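Colleague: With the hints as a guide, bring both chains together as one complex.
These protein sequence lines are chains A and B, in that order.
So the first sequence is numbered by numbering that gives the first Met the number 0: it starts at 0 and just counts up by one.
So the second sequence is numbered by numbering that gives the first Met the number 0: it starts at 0 and just counts up by one.
Source of the hints: derived by calculation from the structure; they are not laboratory data.
Honestly, I wouldn't trust all of these hints.
[What the hints assert, rightly or not] In silico DSSO-like cross-links for lysine-lysine, where the CA-CA straight-line distance does not exceed 30 Å:
(1) A:Lys364 to B:Lys18
(2) A:Lys380 to B:Lys18
(3) A:Lys7 to B:Lys18
(4) A:Lys364 to A:Lys168
(5) A:Lys3 to A:Lys172
On a predicted model such as this, the values are computed, not experimentally measured, just so you know.
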Amino acid sequence: MSKKSRSKLWFLVHSWLALPIWFFVLIVCVTGTLAVVSQEIVWLANPQMRASAPSDDAPLLSYDQILAEIKKAEPQTVVQSINRPDESHFALDVDVSYPDGRSLTVYVNPYTGVIQGTAPSFNFKAFTRALHGWWLVPFTNGFSWGWYLVSFLGLPMLASLVTGLVVYKRFWKGFFRPTLRFNHGARIFWGDFHRLSGIWSIWFIAVISITGTWFLIQALLFDNQISISSEPIVPAMSREAVPQSNDGSPPPRISLDRAIEIAQTKIPGFEASFISLPGNAYAHLDIGGRGWYPLMYQTATLNPYSGEVAASRLLSDRTSLEFVTESMRPLHTGDFGGLWIKLIWFFFGLLLSMMVLSGLLIWTKRTALATANALKREHKKQRVQAQPALRRETSEANL
Amino acid sequence: MSKSTTVAQPSRLSVIWHKWRFHINVLLLLIPLGFMPKYFADASLFRGDSGLGEREIGEIQVGPWSLRLAELRNQAPILTGPAGYMKDFSAALCDACVDHVKATYLRIGKPRSLRAAGVIFFGTPYRMGTQLPVPEKTAADAELWITMEGWDGSMHQASIPLSQASPATLAWLNKQGAKP
Numbered sequence: 000m001s002k003k004s005r006s007k008l009w010f011l012v013h014s015w016l017a018l019p020i021w022f023f024v025l026i027v028c029v030t031g032t033l034a035v036v037s038q039e040i041v042w043l044a045n046p047q048m049r050a051s052a053p054s055d056d057a058p059l060l061s062y063d064q065i066l067a068e069i070k071k072a073e074p075q076t077v078v079q080s081i082n083r084p085d086e087s088h089f090a091l092d093v094d095v096s097y098p099d100g101r102s103l104t105v106y107v108n109p110y111t112g113v114i115q116g117t118a119p120s121f122n123f124k125a126f127t128r129a130l131h132g133w134w135l136v137p138f139t140n141g142f143s144w145g146w147y148l149v150s151f152l153g154l155p156m157l158a159s160l161v162t163g164l165v166v167y168k169r170f171w172k173g174f175f176r177p178t179l180r181f182n183h184g185a186r187i188f189w190g191d192f193h194r195l196s197g198i199w200s201i202w203f204i205a206v207i208s209i210t211g212t213w214f215l216i217q218a219l220l221f222d223n224q225i226s227i228s229s230e231p232i233v234p235a236m237s238r239e240a241v242p243q244s245n246d247g248s249p250p251p252r253i254s255l256d257r258a259i260e261i262a263q264t265k266i267p268g269f270e271a272s273f274i275s276l277p278g279n280a281y282a283h284l285d286i287g288g289r290g291w292y293p294l295m296y297q298t299a300t301l302n303p304y305s306g307e308v309a310a311s312r313l314l315s316d317r318t319s320l321e322f323v324t325e326s327m328r329p330l331h332t333g334d335f336g337g338l339w340i341k342l343i344w345f346f347f348g349l350l351l352s353m354m355v356l357s358g359l360l361i362w363t364k365r366t367a368l369a370t371a372n373a374l375k376r377e378h379k380k381q382r383v384q385a386q387p388a389l390r391r392e393t394s395e396a397n398l
Numbered sequence: 000m001s002k003s004t005t006v007a008q009p010s011r012l013s014v015i016w017h018k019w020r021f022h023i024n025v026l027l028l029l030i031p032l033g034f035m036p037k038y039f040a041d042a043s044l045f046r047g048d049s050g051l052g053e054r055e056i057g058e059i060q061v062g063p064w065s066l067r068l069a070e071l072r073n074q075a076p077i078l079t080g081p082a083g084y085m086k087d088f089s090a091a092l093c094d095a096c097v098d099h100v101k102a103t104y105l106r107i108g109k110p111r112s113l114r115a116a117g118v119i120f121f122g123t124p125y126r127m128g129t130q131l132p133v134p135e136k137t138a139a140d141a142e143l144w145i146t147m148e149g150w151d152g153s154m155h156q157a158s159i160p161l162s163q164a165s166p167a168t169l170a171w172l173n174k175q176g177a178k179p
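Only chain B is shown next, with the shape it has when bound in the complex (with noise of 0.2 Å):
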């Protein structure tokens, strides 16, 4: 470009740049604006008004008693730092086992005793939450084993196979290949 054509004619667009170059950042906006219906869903699901979680697995029998299981999110398990991939469940305990209950845990594989039970529940009987470990190495095959104990010392296990309890984790750990 000659130097006369650009001191008598800057290019439009040029123009257009020098005049609006500081007002570009008001895109930023659109980057809360694009976030705000997840931070809105995500409100009402820690509320709990949309249900336990985003995925209802169902309601589960454990010996004399019961308790209905959710994925809170309908996803793989997320990396959380060093500790790893955890899977987000939530659980309500039945009506009529609201007060017998002392605790209920979560683990992948049989637990070999109570001690060993595997991520304890917290909350309130109505809604409570636990992070589970999900290893990279789990097998497609696992099953997921729920342990409820009783204040008079009973305990009480049931397992449902990974892949009813969560589809996305199953997905997640196929496609990775299951690692050694």
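Just chain A, same shape as in the assembly (with noise of 0.2 Å):
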């Protein structure tokens, strides 16, 4: 095969991955760049949800602080679990269950520990993770199918990558001459700015399009009960460990502040962001927060009673193949170092979604010149043929 005819075969192909199904590649891209900053929409449009300190050096309240004020305010109310969000701005999100049987995240104050809101019924966080991750297909036995769709996509986006890297000769050349062109057509406008994105994007294309492809298989190694994980399982609490009382009331348990110092003597460096209050009598206390490496979480787990620790699950507890694997998560939702790595996520989100966009007007604008050529040809071809001969040679040596 030719050079050439093999880069048209490359471009053809390059074409192809995308374009039959360019609308939902483009929802995905657009509801994924969406999902990436959805935590920080919530806060723009909910004043409830942002943590105003009452003054400058005020301090952070502690867990056990936390809990006295919502059990002020509210003595009915259970909690269920605390978690204080990476980013200072955010109020504590805290799970609870009220008498009447709801079961709500409510904001609380991390300063003041009032109880600022609760969470809107529409969850758009939720929501627009629905909507990308799984296309809301629900669950059911195993993963839905529409997580296989979207996921599915992980290979065309791969496959467009590197097939574009191949049609597009020496695109490192791109990296050093920038080229977009305003003035020569909507055509070669789109074309360049389709090139240019796409150079600088080589990286973010090719995470996304791995990890969304690692979606993949961890979906099909869940639903055919292969586990990787070297995770044990912690069993529930032995009748012996959770102490009798005699009055038929509650045995006192830890303090939450108690627990996390607990937890960080056995374990040097513990940070603790979250905490999953026991379940029933016989669950455990979670306490868990982000050590050295951000992508990752390190959990302790409990007796609530005593405070011995049942099992921890930290950085060193890991398998290699685990460090890649639990990593792709917070690789492909740019949640791992705060507001700028999102916003580094949510720009090329955008930059990516304006690619399927530009690839499709490219394709649009190409195939309308090539009618509007063949037509011109046609109609040429038609009045040439009306002409001596000698003209007619002419005419072709022009084109």
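Modeller: Next up, the structure:
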């Protein structure tokens, strides 16, 4: 096969990868981009979610102080978990259960312990993630088919990246001589845009498509009951581990701050950014937070009555394979280093969405152009046929 | 079809196909649109905005205590991987027993001891849930046993017919015929 026809073939493959499903890919890209900053969007829309300090030097309350404040304001409310978001401008997310049976997330001010409001019933964050992640198709037995539908896109996206770089000869030159021509018509502009944003997004497209493909593999592994986890299952507490109480009331539990202290003495450098309270009398207390490697969490599981550490899951407990696979999700979502990383992911997400759109525009413009040219040629041929042979030669030379 | 007709006059249908073939995938958007009502119904169910579950079984007296039991979904047990068929129940403790009940369990058939009381409920006294395994060979006249354990070590039990606890499960058992 000649060099020219081979690159033509690659070009054809490149166009066919996304073209027939461009709208689907576009919506997945747009919803993914929104999902990256969904928490921030809710923050903008909901003043109750903001953590405003009463004064500049106001200290953060401890977890026990938070519990006490909630108890004081709403004695009936049962707290199920407390989560301190990474970014300090967010209020605490506290999952609570009300006597009427509702389970909600409430926003609690980390400086004052005031319950600032409940999360709106339309959960934008969860909705965009569900739309992006599994196209809203419900999970019944194992992963939903919507999950497969979306995560499968990782493969054509990876192939688009590779074929795009093959077709775009000497693409690295684009880094030194960026070209974006505004005055040569829409077709040229979108072509330049597609190439320019493409080369600057190589790393991002690679990250998104590889992690996306991992989600496909993850579902396939799970649905075929294949586990690669080295995490032991922590059994529920034994009857003997739960103290009896003679007066029939629940025995005292250790305080949350004490639990964190115990975990920190056993695990040097342990951070507590979320606490999950026991789900029943025989369940443990879970504390977790990020370690030195920001893409993964470490957790400690404690007996809530004695404070004994029943289990812990640290960075050092992970196999090297788990370091890779557990890093996939934060890499995909950009949620591992605060607002700036999220904004970078958001920007490149927008760029990627625009690449789907510009790819389509190039195709339509080129087809339109090709059609117009074909018509022109047809027209010309008819005219030329009526003219002397000599003129015809020259006119063809001029083409 | 002769060559001359295709060249001169492509059929209307093929023109439409040619023009719109790459835009048909817009119809994929119908999938999330179709699932949206279910998505929001589920979100409201899990928040507890629409009660304990899709179908309330009622208040059941268990010794000195009582609880409100509900089917999370008014449907047959669902297959959850190798663990087999599971049925979700939710429950809420009576106001007076919140501080006295240590644990609540569910089981099909009478438990022989507290150690074999069945699956334990997770959550808070206001709203807790559990997944009950339902073997395919369960008899149609089986009973659902509720065991409640007190902080003082006491134990109380009650039972209701499975037909009352979950008509959908009974219909499912009858439909497939009790398997040996």
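Colleague: Keeping to a limit of 30 Å between CA atoms, is the pair of Lys3 of chain A and Lys172 of chain A held or broken?
Modeller: 20 Å, holds
Colleague: Can you confirm whether the C-alpha distance between Lys364 of chain A and Lys168 of chain A stays at or below 30 Å?
Modeller: 22 Å, holds
Colleague: Given the proposed pairing of Lys364 of chain A with Lys18 of chain B, does the C-alpha separation stay at or below 30 Å?
Modeller: 13 Å, holds
Colleague: Holds or violated: Lys7 of chain A with Lys18 of chain B, Cα cutoff 30 Å?
Modeller: Since the Cα atoms of Lys7 of chain A and Lys18 of chain B sit roughly 23 Å apart, the hinted pair holds (cutoff 30 Å).
Colleague: Need the status of pair Lys380 of chain A, Lys18 of chain B: alpha-carbon distance at most 30 Å?
Modeller: 26 Å, holds
Figure legend: structure checked against the earlier numbered hints; every hint is met.
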